[in-house]
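Enquirer: One-letter residues, chain by chain:
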Amino acid sequence: MSDIILKGKVRKYGSNINTDEIIPARYLNTTEVAILAQYCMKDIDKNFVKNVKKGDIIVAENNFGCGSSREHAPMAIKATGISAVIANSFARIFFRNSINIGLSILESTEAVKAISNSDIVEINLSHGIVKNITKNEIYKSQPFPEFMQRIIKSGGLLGYINKKMNFLNKLKK
Amino acid sequence: MGSTITEKILANHCGKKIVEAGEFIEPKIDIVLSNDVTAPLAIKEFKKIGTKKVFNKNKIVLVMDHFTPNKDILSAEHVKFVKKFTKEQKIKHYYEGGNAGVEHALLPERGIVAPGEIIIGADSHTCTYGALGAFSTGVGSTDVAAAMATGKIWFKVPNSIKFVLKGKLNKWVSGKDIILYIIGLIGVDGALYNSMEFTGPLCKKLTMADRFTIANMAIEAGGKSGIFIPDEITEKYIAEKGQKNCKFYSSDRDAKYIKIIEIECSKISPQVSMPFLPSNTKPVESIKKTYIDQVVIGSCTNGRIEDLRIAASIIKKGKKINSNVRTIIIPATPGVYSQALNEGLLKIFIDAGAIISAPTCGPCLGGHMGILASDEKCVSTTNRNFVGRMGHTKSQLFLASPAVAAASSIKGYIATPDMI
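These protein sequence lines map, in sequence, to chains Z and W. Okay, so the first sequence: first residue is 0 according to numbering that gives the first Met the number 0, each after it adds one. Okay, so the second sequence: first residue is 0 according to numbering that gives the first Met the number 0, each after it adds one.
It is possible that some hints are incorrect.
Claimed, not checked - Calculated cross-link-like contacts (lysine-lysine; reagent style DSS-like; alpha-carbon spacing at most 25 Å):
1) LYS376/W x LYS163/Z
2) LYS41/Z x LYS6/Z
3) LYS376/W x LYS41/Z
To be verified - A partial selection of chain W residues facing chain Z, derived with a Cβ cut-off under 7 Å:
4) VAL36
5) LEU40
6) ILE48
7) ASP122
8) SER123
9) GLY139
10) SER140
11) GLY150
12) LYS223
13) ARG388
Because the hints were derived from the structure by calculation, they are not lab data. Don't be surprised by glycine CBs; every beta carbon is placed ideally from N, CA and C.
The shape of chain W in the complex, shown without the other chains (with noise of 0.2 Å):
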């Protein structure tokens, strides 16, 4: 019996030939990652650990990015208190102020996450590497704390579920529908505890933005990680970052799913996901004609240069932001923000009439930067729609991708560029 992708790397860190699904294992660890809402706690556990160290100064990456720039008091002691433990420990990544972005784009752009590495994360989208062929999954603060010091944690080997993504795209669908829809068909525990490996004859067409925003989103299915298998694309991308003697693992022909599900993607328009879940998937031209109070682009879901460029070419072609839809576009990173400004794409939103605000996490959990009053509705490119997710308990989000998203802001209610 063969080996998945996930099996190989799992087993390939902890020194096995080979690992079976339901098996603990205490592998090694290549990147431990943590925020400004998580690593202040995580901290506060591994001060409580005998051990003086952290394991690697050069493989713990602190990135303040979900209250920042420092919303209230209270969030800026934390960002106070994480500093001062970087700089006693000498760590290496540690991103605050200009430098920050959201983690997620922050770690593939900057090359500090790699092909056939484990990296966990004190932050649930930590899936998102999984793009590039690792490894990657969120855990919680005791756990970094703990790999903080020792370079290891403990993971039962999830099953796996193959996704088989065949067909072409329609216009204007993106790694955002896909992965709506597929949210949509399982449901938010449809892959709980196990690894969603995405496959199949279309994969190689999606670029690399699409994949960071389909294996973002795994965790939404209740997965433990969503993968790729890497390519030629992937290959691209990561020499661009001069990132060398990557490990790139593929699946056998014969490993063991315990699912496999194809998607013929070319049925898929348009998604948007209705509250209170991702799993309330729809169609958009499915949907009854909905007014909306503000638009959100950005996060580490959608808030890449692709991202970006997609919308602002949309916007471009309808002028004006309705005067009804605050509009907010969050570049993702400050590498971003700056090809943004390169390539003339800030200028076109801000004529238009949206808002640039600096890279951060912000209203994607409710935290600042575009909170929600009651009964506001909200079309947002990020991953999570639950009450209250970003603000009042009685306002409304509705997830999609950033072609719709700004759309939905030219007409002031949910569209597809189509219609613009």
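Just chain Z, same shape as in the assembly (with noise of 0.2 Å):
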């Protein structure tokens, strides 16, 4: 299997980077994830998402995600075409919503530390590896648990639980 490369445009936020911010409550009467990624950090960056670009990097500092449980967090930052997420921790709901819809996140106190707003970074997920392309430094992250890895490869929980129901299945039989 090859590795996984992603690479874009950083846009660096402090933190407590909270869900009330990454898509405010007002906007949760609906599970479209086209419609919630028109309103994504809207409270904190109203250009957020006029600037993004596909592939473009989120990199915070603490306690990314903190607050709700509300997975259109995740599934707003993904569907605006950010590719990954590093920051230095991760509020706990949000990262295990994270790890179950497939949006990449990375914990990573060197990378955060060294990387400065629009800068081009390239992340090899395979790795843990991220490379700071405009200012030519390498930078490591913590690496998955095993079991997070599962669920990863799947594609997100829901082919977790269906490989592994498939396979209870196939037991019956």
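Take the two lone chains, each set in its own frame, and fit them into one complex as the hints suggest.
Expert: Given below as structure tokens:
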């Protein structure tokens, strides 16, 4: 299997970017990702949606995605074209939602400290390596535990569940 | 090495003698919860799984509480969609309309959640039920979809932080002040990925209402769960609901904690969290005079009968609500509403100039029933004060107890009940 490479321009933010900022609750009367994407980050960065390009990468400091359990938050980010989020740490429900729906996330204090807004960054997801093309630097991220890698490789939680259920059904037969 | 209450509950639910922090497990779930914001997504995902039936129609709870009574057409369509699913699947616990209330007040009140259980919910404040000595935590919609199909979920066993609550509570200080103080102390990610275990001599004096409020806001410190060791107070509470055969777990003396924090509660005075983080906590008496435009008393954090009683006692003493302050009282459940009516609390509120709302999460998340305009300031008994949480991005939200909220509604600025 070839390595998964993500490349894009960095949109950098601070600490405690919360789910109310990622997707305000007043837009949660829909589950359509294309609509949710239109309002992503609106309350803290009204130009985000206008400027974001497919492949771009969000880099943030501590506790990214804190607050609500709304899965609409990682869904909205993914639907804007953002290919990955790198942070020092993630709030736990946002973290598991991202794993479950297949939004790529990485924890790397080294990368967060060194990367500036608008840098061009390339991530090798398979090896957890972040390459800063603008600054010509390389950073490492925390590797995912094996269990989470199984979910990611199954294409998210539903893929993982379906695989398991198919396996159990075959056993029954 | 002994185990914490959290490790014991988790081990029991995956058929193991012990589990250790950091271990990945797939335990069985006792209750799966979702609401009108997260259930539509969960049901859409459930339909993608190769199974037709939910794992157990009695163990799924769907509460339509966030944007209800439906605030617009799209929200109404969501509720209709969920209702159809509950009929198809013959789901026992579906709450909408006259029997609906704010989920985390409703489930304990109706005896749906019990000590020793694992409860997951696609709502971050699902951690509330830790007050009963259950392991309960917020998850996403896809998690709920998977749990509705399989009755299981994946978890990393959390480390625990022990909070030893000591001392005597000062007048007007409640569970809300304790938890705001703790969040101020450790920060909004101070308990990230960890279980917050609340113990200590003061716990025996905390009512179930106070415990629910404290466990409810564990998520505001990044906690995976908040948990109390069940005792006689818990036992009395569940006996009143007719619940039997519950498992009471406790932590071993030699259980492992990554941190032990002692809280001298006699040092805590009424607290307020300033915009825009729950951790910007200050004693009310230390802040400069802040005039307000709105007060909200309600939510899964503070919409119980005990909260309304204390608010009513202060408002009764103050007689009239300040004419500049729109004061919205939201009994969290129909049960609380009815009880408040019987006790004459609603009349006190109305006569003083407050608005009584139907049970709903409503303004807490900027849904409806009290949205703020630009530059408006609000004292709220809810749980988050992020930018734009209750309306305009230039509005400001101050989190406090029902006592402080009630006193502020009378004075027109952020105040303690001693000032009435």
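Enquirer: Does each hint hold? Answer for all of them.
Expert: Hint by hint, here is what the structure shows:
1. Our distance criterion of 25 Å between C-alpha atoms is broken by LYS376/W and LYS163/Z, whose separation comes to about 51 Å.
2. About 24 Å separates the Cα atoms of LYS41/Z and LYS6/Z, which keeps this hinted pair within 25 Å; it holds.
3. In summary, the hint linking LYS376/W to LYS41/Z is supported, as the alpha carbons are separated by about 21 Å, within the 25 Å threshold.
4. The interface hint given for VAL36/W holds, since its Cβ lies 5 Å from the closest Cβ of chain Z, which is under the 7 Å cut-off.
5. A hinted interface residue such as LEU40/W counts as satisfied when its beta carbon comes closer than 7 Å to some beta carbon of chain Z; here the least separation is about 5 Å, so the hint holds.
6. For the restraint placing ILE48/W at the interface with chain Z, the shortest Cβ-Cβ distance is roughly 6 Å, inside the 7 Å limit, so the hint holds.
7. Taken as an interface hint, ASP122/W checks out: its beta carbon lies about 6 Å from the nearest beta carbon of chain Z, inside 7 Å.
8. For SER123/W, the shortest C-beta to C-beta distance to chain Z is roughly 4 Å, which falls under 7 Å, so the interface hint holds.
9. Interface hint status for GLY139/W: upheld, as the beta-carbon distance to the closest one in chain Z is roughly 4 Å, under 7 Å.
10. Among the interface hints, the one on SER140/W holds; its C-beta lies about 4 Å from the nearest C-beta in chain Z, closer than the 7 Å criterion.
11. Checking GLY150/W against chain Z: minimum C-beta separation of about 11 Å lies over 7 Å; hint violated.
12. Interface hint status for LYS223/W: upheld, as the beta-carbon distance to the closest one in chain Z is roughly 6 Å, under 7 Å.
13. Annotation: ARG388/W was flagged as interfacial toward chain Z, and the flag holds, the nearest CB pair being 5 Å apart, inside 7 Å.
The structure does not agree with the numbered hints 1 and 11 stated previously, though it agrees with the rest.
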